[in-house]
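Q: Residues in the sequence shown are numbered consecutively from 1, following UniProt numbering.
Simulated from the structure, these hints should not be mistaken for lab results. Treat the hints with care, since some could be wrong.
[Stated by the list, open to error] In silico EDC-like pairs for lysine to aspartate or glutamate, Cα to Cα no more than 20 Å straight-line:
1. Lys175 x Glu190
2. Lys113 x Asp102
3. Lys109 x Glu38
4. Lys120 x Asp61
5. Lys82 x Asp61
6. Lys175 x Glu159
7. Lys73 x Asp84
8. Lys175 x Glu203
9. Lys175 x Asp201
10. Lys109 x Asp74
11. Lys120 x Asp102
12. Lys77 x Asp102
13. Lys73 x Glu13
14. Lys73 x Asp16
15. Lys109 x Asp124
16. Lys109 x Asp84
17. Lys113 x Asp84
18. Lys73 x Asp124
19. Lys82 x Glu190
20. Lys73 x Glu190
21. Lys73 x Glu38
22. Lys77 x Glu38
23. Lys120 x Glu159
24. Lys77 x Asp124
25. Lys113 x Glu159
26. Lys113 x Asp124
Source: prediction; values computed, not measured.
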Amino acid sequence: MTALTTERGLAVELTDLTRVYGAVRALDGLTLHLEPGELVCLLGPSGCGKTTALRILAGLDHPTAGTVTVGGKDLTKVPASKRDMGMVFQAYSLFPHMTVVDNVAFGLKLRGKDGASRRKRAGDMLDLVGLGQHADRYAHQLSGGQQQRVALARALAIEPSVLLLDEPLSALDAKVRVQLRDEIRRVQIEVGTTTLFVTHDQEEALAVADRVGVMNAGRLEQLATPTELYSSPATQFVGEFVGLSNRIPAQVGGGTATVLGQAVPVLPGSAEGSGFALVRPEAVSVVADAAGQGTVTTVQFLGPLSRVTCSLADGTDVVAQLASSDAVRLAAGDVVRLEVAPAPVLVVA
């Protein structure tokens, strides 16, 4: 076993990847490292390059420049059929004339495995995704979520060195998407396969990933744990793309920012002088105060939480996320005092 392998999977290195299609630069020097057994999500808007990166790792596309290394081996010019990777797409892509167990065993058949070992391995994978009792059904007899579980079992059956997930939950309704999202994470941890997951769904990425890479215009803006990404965005794009942020006027000097009359620390990369602090709604508190600096414009009830929008004297809208038990005391037209938590903020020009 080499230094680049563990019982949990293989290391993956994408180094300085560039992909140009005519006048379009889909990837612009992307460098990304996945630890053995790690699940990394690439998150970003349509056209940011995340799917291009996954396709290049899979061997379905080729970089204009740069290298792809898995387990210490350069696979840049190796065809997709020789890369030993499992893929799950948005479309389930199951064979309608085959039973569930035959669908899962298909890749093993191509690899020359005998019938008994194919069926045992396929059965084990179906048990892993909770579909062992559906082995002899056909795709049309399953729900969308069940079909995607079969696609996941099929991808894992061949014991791939890397698992690639390309928007696998986009076609499912919200409740099933959450259930299958959690299932994918459970299975990935149990099997230990190094996994690259591509999605445009922020909640999905933050919920399942060990680390999340936010992409923009072919570049990786930030790669961090979900907690770090959310609480300490490295760039304005990350701060505004991931989650909700208020843009509150701020004055920066000496490593602190004055926001709503309070001094708070600033994150690295913050602008100097006048700017706007990116403040999460849950970091804003709202208290009824006739001498306050804001006026409530709307109160939205969201179950245990409520979203309260206030307007400052300069016309800036500030959104706060409060416990509904606190928000119930507020109503449109109330004059309120706004405060921000003393956590570091990113200030942008």
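Q: Now, for every hint given, state plainly whether the structure supports it.
A: Hints, one by one, checked against the model:
| no. | hint | result |
| --- | --- | --- |
| 1 | Lys175 x Glu190 | violated (23 Å) |
| 2 | Lys113 x Asp102 | holds (13 Å) |
| 3 | Lys109 x Glu38 | violated (28 Å) |
| 4 | Lys120 x Asp61 | violated (34 Å) |
| 5 | Lys82 x Asp61 | holds (14 Å) |
| 6 | Lys175 x Glu159 | violated (29 Å) |
| 7 | Lys73 x Asp84 | holds (12 Å) |
| 8 | Lys175 x Glu203 | holds (13 Å) |
| 9 | Lys175 x Asp201 | holds (14 Å) |
| 10 | Lys109 x Asp74 | violated (27 Å) |
| 11 | Lys120 x Asp102 | holds (11 Å) |
| 12 | Lys77 x Asp102 | violated (31 Å) |
| 13 | Lys73 x Glu13 | holds (10 Å) |
| 14 | Lys73 x Asp16 | holds (16 Å) |
| 15 | Lys109 x Asp124 | holds (16 Å) |
| 16 | Lys109 x Asp84 | holds (14 Å) |
| 17 | Lys113 x Asp84 | holds (15 Å) |
| 18 | Lys73 x Asp124 | violated (30 Å) |
| 19 | Lys82 x Glu190 | violated (25 Å) |
| 20 | Lys73 x Glu190 | violated (25 Å) |
| 21 | Lys73 x Glu38 | holds (18 Å) |
| 22 | Lys77 x Glu38 | violated (24 Å) |
| 23 | Lys120 x Glu159 | holds (14 Å) |
| 24 | Lys77 x Asp124 | violated (33 Å) |
| 25 | Lys113 x Glu159 | holds (13 Å) |
| 26 | Lys113 x Asp124 | holds (15 Å) |
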